[in-house]
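Protein chains: 2
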Amino acid sequence: MEQSRGSLLQASLLRFVRRGAWSHAGRLLEKSHPADVAYVLDRVALTDREAVFALLRTPEMRGDVLSLLQFATRADLLAGLDPEVAGQIVKHMPPDDAAETLRELPQERSEEILSSLGEGAEELETLLEYPESTAGAIMSPKLLALPEDLSVESAIDHVRRYGDADASFYIYVVDERQYLVGVVSLRQLILQPPDKTLRDFMTTDPIRVTTDTDQEEVARVVSRYDILAVPVVEANNRLVGVVTVDDVIDVMRQEATEDILKLAGTTTEETTAPGWLRGAWIRLPWLVSSFVGGFAGIALLSTFSDTLTQTVQIAFFLPIILGMGGNVGNQCSTVIVRGLATGRLDVRALPRILAHEAGTSALLALTFAVALAIFAAGVGFGPELFPLAVALGIFCSIMIAASVGTLLPLFFSRVGIDPAVASGPLVTTSTDVMGILAFSLIAVTIL
Amino acid sequence: MEQSRGSLLQASLLRFVRRGAWSHAGRLLEKSHPADVAYVLDRVALTDREAVFALLRTPEMRGDVLSLLQFATRADLLAGLDPEVAGQIVKHMPPDDAAETLRELPQERSEEILSSLGEGAEELETLLEYPESTAGAIMSPKLLALPEDLSVESAIDHVRRYGDADASFYIYVVDERQYLVGVVSLRQLILQPPDKTLRDFMTTDPIRVTTDTDQEEVARVVSRYDILAVPVVEANNRLVGVVTVDDVIDVMRQEATEDILKLAGTTTEETTAPGWLRGAWIRLPWLVSSFVGGFAGIALLSTFSDTLTQTVQIAFFLPIILGMGGNVGNQCSTVIVRGLATGRLDVRALPRILAHEAGTSALLALTFAVALAIFAAGVGFGPELFPLAVALGIFCSIMIAASVGTLLPLFFSRVGIDPAVASGPLVTTSTDVMGILAFSLIAVTIL
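So the sequence lines, in the order shown, correspond to chains A and B.
Heads up, the first sequence is in the working numbering, so the first residue is 1 and it goes up one at a time.
Heads up, the second sequence is in the working numbering, so the first residue is 1001 and it goes up one at a time.
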């Protein structure tokens, strides 16, 4: 649906642009939904993009479109604009989107734009002062807050006049100090007789978050209570903003990305931070821990030097035995980490989880042990008992990996560390070391 | 915030339950938000959970709570109930949540409950007929659809009487065939004079999806157009349901989970499918491909048997060289896969991406090559040029892994395959094989 709207617009628009039919293109853009314009801008080449963006007549439309663009497109477009012009556009974006955009830009650039705003910069600067990833940083200060003794009739009148607030389907009720005391929905308002006051039917003690609530927690609150927006208060309960569900959707996407990257042993900054040195620096920590673990592997193998020289075939099988362990370990840790994050995994049913993982892994380990033994016997490598050694080796490697992959994130979660830290590099390295030890001991004993 | 509400309720409730003060507990529950009750039920032991759930007096409250529970808790609770009783509760859940619950239950159980519903089952059965993961399967049929020639006054009257529909902040406008022709928001309705008709100010050609639209696409539409609900129509444009933003949030969480698990080489079914055999079966495919790749590694190494026997130290360094490659490969593929999924990664800027990945990886490869050479020289393993061999070995292994990890998902995406298929097992196995070849060739040449 959206695909076809967006691509229809893109086809017509590019046709006009190629022909130089600028007024046609401009009129088409005026009739289009900002989201569809954003769709097109995200997909066309840079020169066409700048041409089309220049055709958007009002700073309002430009602001609307800009706040719907993908990060890379937005950064490119703003980079090509004069700070003054960029400032005019930013001014017309919803305040939370404007703040987010400025946060994403290089600091110098963002300060240029801010200083071009003059007085209008104040509201934005306040938002920018809240620490990143908090409710304060993602909230919008544009909301409907009305006194509790207001009548339904006057309240409806207010909605009519100031209804372009964010989250206009909720009206927040405040006392004379601007402290949050209640909430009514637009629908509730319609249901009530005109002379009632908001106090008479408002929901008291509404769900709320404070400016320093972590954005992940904000997302959880909105999704737990199935609300469309959550009011943000200061520590003293003074109402200062609102986080709407569309921001929550952005937060959730962002947090999922963080989890995914953490599992691979890197961080979110990655995709936004340019520069090789910075890129390498971000990925380094997990790799170093893995590297140090590798030294342990070297030390272990060197103590079994004689066996290895005698039966060099052991070395042939080392990669497959360790590799399979690593894969199984990663599967286990990923299932556990994501299960913990989404709550699908019921930690009270720990024995059941462990039994399931143990049973599943044992089945897999057995399957691959038999297959590897048959292969080793088939190709006739090594001494008589060699197939038995590799079978036991891969069985132990998989079982060790499954145990580490399952228990490590559970342990981290229990002691209060983010379980996603039990990530790929950590799991594969520790299973590598233990797998080497197990296989070497088995080889020495059997052969 | 939500934490404290939920845990406060939990503490008071358990105190009452322990003392056998059932009527106190019941009154407390009546005053509580269903989401807080769900929070408690998700966290207490099974016996307490059943006791508390039994205290919820009305099927409405039970339905509300049930639809907010985590999967495992919901399944446990429903398993302990008589099908008749379960049916009464399901009847009082929002239809989309009821359908989801029935989908999650074992088929036999879900049919028992459905047949206990009698006539009320029809609506649910219609929903259950739509294929999983489509708009039809996640929509709610409860919506406000009004004719276009209705006056504002009558429309507001309708909202007053039937306002408990899902997505009650939008009123959909239909023609006499129930075809979707427009949408007005509750706020727009308030702004208009009472005698205007909906046709006069409705937004025509509203954003919509069809019953067979993939749920991921539904989520994209809702988040792209920043709307709170999207109407669902049949192929002929007849309006049949609505997907609200809270369902979209669930879909997004689910899709992120799928991506995460796919990257580790397993699938979502995992966390829900019990049984060892089934668990092993789900994880098997990627492991088998990895296993087969392992055979290639064995074959390769066996052709370098002489060198290995001569310089057994090569075997000591094999795990660290392959392991570091695997880790870097995973980092690269994860960054690319997630970047493609979220649109952060700008595919038109391919040369820039490749240059960034190449530079970053080369820096990392160089760092670890130097470190490994120093280590090898320090411990004095092997022949004179051995440190050079391991340094070149790990450098090549990391660079190969980075290339595979970066290019494979980009290639998959280009030819229309889900890039997440370029997952952990695939990347590590292919880099293992190529890493072995590279290191062996280097060792043979240098030593």
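Calculated directly from the structure, the hints in this document are not laboratory data.
These numbers come from a predicted model, not from an experiment.
For every residue, glycine included, the Cβ atom is placed at its ideal position computed from N, Cα and C.
Don't take each hint at face value.
As the list claims (entries may be wrong) - Computed list of lysine to any residue pairs in SDA-like fashion (alpha-carbon distance at most 20 Å, straight line):
1. B/K1142 - B/P1059
2. B/K1196 - A/D157
3. B/K1031 - A/R160
4. B/K1031 - A/D200
5. A/K31 - B/P1059
6. A/K142 - B/R1161
7. B/K1142 - A/L300
8. A/K31 - B/R1199
9. A/K31 - B/R1161
10. A/K196 - B/D1200
11. A/K142 - B/D1226
12. A/K31 - B/K1142
13. A/K142 - B/D1205
14. A/K31 - B/W1022
15. A/K196 - A/D212
16. B/K1196 - A/D200
17. B/K1031 - A/Y130
Claimed, not checked - Pair by pair, the computed Cβ-Cβ distance ranges are:
18. A/T303 - B/P1351: 44 to 52 Å
19. A/R109 - B/E1384: 53 to 61 Å
20. A/P285 - B/L1191: 53 to 61 Å
21. A/P285 - B/E1030: 25 to 33 Å
22. B/A1358 - A/L407: 22 to 30 Å
23. B/R1018 - A/R414: 19 to 27 Å
24. B/E1384 - A/Q310: 36 to 44 Å
Outcome of the hint check:
Taking the CA atoms of B/K1142 and B/P1059, the gap is about 19 Å. The hint holds against a cut of 20 Å. Straight-line distance between C-alpha atoms of B/K1196 and A/D157 comes to about 18 Å, which keeps the hinted pair within the 20 Å bound. Taken as a hint, the B/K1031 and A/R160 pair is broken in the structure, with Cα atoms around 34 Å apart against an allowance of 20 Å. Straight-line distance between C-alpha atoms of B/K1031 and A/D200 comes to about 18 Å, which keeps the hinted pair within the 20 Å bound.
Of the supplied pair hints, the one linking A/K31 and B/P1059 is violated, its CA atoms being roughly 49 Å apart against a limit of 20 Å. For the given pair, A/K142 sits about 31 Å from B/R1161 by alpha-carbon distance, which is inconsistent with the 20 Å threshold. A C-alpha spacing of about 66 Å is found between B/K1142 and A/L300, which places the hinted pair above 20 Å, so the restraint is violated. Between A/K31 and B/R1199 the alpha-carbon distance is near 19 Å, which keeps this suggested pair within the 20 Å criterion.
Of the pairs offered as hints, the one joining A/K31 and B/R1161 is violated, with about 36 Å between alpha carbons and a cut-off of 20 Å exceeded. Restraint check for A/K196 and B/D1200: the C-alpha separation of about 31 Å exceeds 20 Å, so the hint is violated. With a CA separation close to 17 Å, the supplied pair A/K142 and B/D1226 stays within the 20 Å bound. Note on A/K31 and B/K1142: the hinted pairing is violated, with a Cα-Cα distance of about 32 Å set against a maximum of 20 Å.
Taking the CA atoms of A/K142 and B/D1205, the gap is near 29 Å; set against the 20 Å cutoff, the hint is violated. With a CA separation close to 62 Å, the supplied pair A/K31 and B/W1022 exceeds the 20 Å bound. As the CA atoms of A/K196 and A/D212 are separated by approximately 35 Å, the hinted pair breaks the 20 Å bound. As the CA atoms of B/K1196 and A/D200 are separated by approximately 31 Å, the hinted pair breaks the 20 Å bound.
For a cut-off of 20 Å, the pair hint linking B/K1031 to A/Y130 is broken: about 35 Å separates their Cα positions. In this structure the hint that A/T303 and B/P1351 lie 44 to 52 Å apart at CB holds, the actual value being about 48 Å. Distance hint for A/R109 and B/E1384: a CB-CB separation of about 54 Å, consistent with the stated range 53 to 61 Å. A hinted range of 53 to 61 Å holds for the C-beta pair A/P285 and B/L1191, which are about 56 Å apart.
Checked against the given bound of 25 to 33 Å, the beta carbons of A/P285 and B/E1030, roughly 52 Å apart, lie outside it. Roughly 37 Å separates the CB atoms of B/A1358 and A/L407, a value that falls outside the hinted 22 to 30 Å. For B/R1018 and A/R414, the hinted distance range of 19 to 27 Å is satisfied, since their beta carbons lie about 25 Å from each other. Our hint of 36 to 44 Å for B/E1384 and A/Q310 is violated, since their Cβ atoms are close to 25 Å apart.
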